[in-house]
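Protein chains in written order, with my numbering: chain A, 103 to 434; chain B, 5 to 276; chain C, -12 to 258.
Simulated from the structure, these hints should not be mistaken for laboratory data. Virtual Cβ for every residue (Gly too), placed ideally from N, Cα, C. Keep in mind that a hint or two might mislead.
To be verified - If we take Cβ atoms under 8 Å as the criterion, some of the chain C residues that face chain B in the derived model are:
#1 107
#2 155
#3 164
Claimed, not checked - Derived coverage of chain B by chain C (criterion: at least 3 residues anywhere in the stretch with Cβ under 8 Å from a Cβ of chain C; other residues may be distant):
#4 110 to 116
#5 241 to 250
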Amino acid sequence: MNATVQRVLPLAVGIVVFAGVTTASAEKIRIGYVHVFDDAPVVIARDKGFFASEGLEAEVTMFTSGPTLVKGLVTDQLDAGILGFTNAITWAAQGADLKIIGKVQEGYHALIVRNDRGIRELRDLKGKTLASQAAGSTADIVLKGVVLKSAGLTDKDVQILYTAPSTALASLRAGRVDAAFLFEPYDSIVREVLPVTEIYEVGKRWPFPCMVVIVPGKLIAERPAAARKVLASLKRSIEFMKASPVEASRLLAPAFMPEGDLLAEGRTVTPQEIMMKSLKSNIFDWRLTPADLKRMQELSAVMKELEILKQEVPISSVVDLRWQNELDQRRP
Amino acid sequence: MEIRVNAASGNGLGKKINVEDLTLDYGPLRVIDHVGFGVQEGEFLAVVGPSGCGKSTLLRIMAGLVGPTRGRVLIDGVEVLGPNPRRNLVFQDHALYPWRTVFQNVALGLEIQGQSPAQIRKRVGDLLAAVGLEAFAAYYPHQLSGGQRQRAAFTRVLAVDPDVLFLDEPFGALDAITRLILQDELLQLWVDSGKTVVLVTHDVEEALLLADRVIIMSPLPGRIREILPVPEKRPRDRGSATLASFKRIILGILGLEPVIGKATLRGRDFSI
Amino acid sequence: MAERTGPAPTVARRSASSAWQVRAARAIPYAVAFLTILGGWQVAALLFPAYLIPSPGRVMLRLSQELRREAFLVTIGRSFVRLSIGFVLACLLGLVMGLVSGIWAFFRRYARTLVSILQSVPPIAWVPLFIILFGFGDYPIILVIIIAAFFPMTVSVMNAVEQVDVLRVDVARLLGANRRQLITKVYAPEVIPAIITGAQVGFGNAWRSLIAAEMVGGVNVGLGWFINFAGEVADMVAVLAGIFVIGSCSALLDGLILERIKRRLLRWKYV
């Protein structure tokens, strides 16, 4: 070989490789989340650039419910989703290849009743109407299999009506329903505008992991590093929300209370106040603990009771905590 | 009996029907212009003229379906303000209701009057038998021939026993042979019943075969040109020379035949 | 003793067997259409994983199981109750509006404008509003069905009344009919074919909006709700079973009931 080429070639190769490495460092990923306050960390991660800082070029899509989102995961239209964990179980039971790799939030659902309906405890819900979220969602399963069950009630004893949370709120205000099963920020909002009482809150009585990170097996097989990066972004997001709640509230207000100020009993409540309250009610954590896994197994049994599953699904087959453990070990 | 004939608004000594100075405008268009004449009880009157002369409209006004712009029609001395079953009209289009059988169509007027099913059954049965349609009583109009349909339409009208019959080109939609047959039947009906008949037709021969008098109308606006008696005794021969010359007179009045000579009728001269 | 020459006539026997052949020949296009859909479904089931598109066999099996469960029959029954009430009310409303429009010019213009404005809103878009106004349950669904189904009826009847042969009206007037008799003896029978076409189109709308409204929310029983819930819990077999029920019910109701009614009312045409 020519002497000039001998000197130029390694340099040329080096430039090409360098160029390749730098352009490859922004990894494309399609992330879905449910448009509920429970998934606030995703909004923060997107808006504060935490995905980007982990080297992810994230295409974030909002969904109205977990069951809708998970369909994107099983049809190879999404690479990762942050949603209620039962969705992974129902589809895994049918043969889909999904894995839960980390947590985002612990379940917070309040059973709110109007003061004028004579409901003091869960048992009084018999024969009453209750507005709840999407049928078949994690919240719905917990409502039927845990909350109502604890009072000896089934979904035949209570008239459950499935609707969007904003409609549930409006119906409660209009007196069309006696009670509603709400999460944030609707829970905080309704307390401001209506005389209501919380007679039960799931997170307090029966803590369980609610929003988790679910990825299709394909992602794990083809680019496992992306899984870790998603978890890392969300971890930073959760830590930020804990450290700077005021700034977090400011960022979340336009997403979860776009209608602006709330008019209640002659005073105005700003969206940020509501966001602060919602942040306080919720527990955001990125670690799935052994207790969490135990709860998930219990809920799997509940789903079998409710005839949503034909048989129980062993949680170990749906959970893969490798990247969570990696992140855990890297903690300062 | 002397019948005075005037070219413009003719006044007859009408006892049954009196048409007094009738005018009808459709907006700026004058359709009928100062038409007046009388009809005797039991008379058979024909109105002929080309299309657009308003003869059908005239009939509709006389039957009370349309109101005139000016003038009025009196029947039995009473002004006509709306339709009345006793002065009924047969249209060129049979207008039978396709969802009713022949029997039910003929029964329509009697139903409207509130007669009992038993009464209706008897009367309609008799009527259908009289015109030879009893075998088709349960048939629907679309299963009948044109002539049978028109017979049924006639029978429908006759069921309510009108004493005045207005006929608006009743045989215009039928083939030539059927037309001849029904003309004979109509004549017989008139002879047997003594009803007052006003027939509107564009068929001059038909008018001459059937009518006592013929009113000739000219179009745009519709006016009476002449009222001609037809003094020929019945039964009349369609092919007779008398009828032929009457026809020439009428066509001549309407300006539809080249003038080849002159004819005199009751002391008046006509070009023919 | 009469002599027989040639074979005995077989005309009677031949026409009996051809009646069967004619019926079979008429049924063939339907059968082929059905098989095409079934075939397409089977192919899709082979191409996609079972948890996304289960095979027709599995779905039929599940359907036969569901049909033995009381809960499923109750759910279908509820849908039918809603459909019947909504559809019948829609037909009546459409009929009255159409008839009045035909006779009264002012109302005709009013109804036409109303129809054209409201028609642009898809019926199920009303569901959230109705839930808030009338509460949960059957009322919003029935209202949506009425809105969806009465428009075709009104328009169809309105047009028919406008196109009534004036001559037939004149005939009745000449026979002495009063206003009420004109309506019952001329206008009403005139518009029956239009009522039926209106009803058939409206039925399709009613059925579709029933299922859609049940899926949108505000109920916890019904075929639409069943399918929606099944979809949420990854039970695609149930989803397809529900869709199959929808398709067959619609075809059966239209073919067996509506078509029969049409033939009865329009007997005179088919004689």
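Status of each hint after checking the structure:
Given the 8 Å rule on beta carbons, the hint for residue 107 of chain C is violated: about 36 Å separates it from the nearest Cβ of chain B. The interface hint given for residue 155 of chain C holds, since its Cβ lies 5 Å from the closest Cβ of chain B, which is under the 8 Å cut-off. Annotation: interface hint on residue 164 of chain C holds; nearest CB of chain B at approximately 5 Å, less than 8 Å. With a cut-off of 8 Å between beta carbons, the region 110 to 116 of chain B has 4 residues touching chain C; three or more are needed, and the interface restraint holds.
Counting residues of the region 241 to 250 of chain B whose CB falls under 8 Å from any CB of chain C gives 0; the rule of at least 3 is not met.
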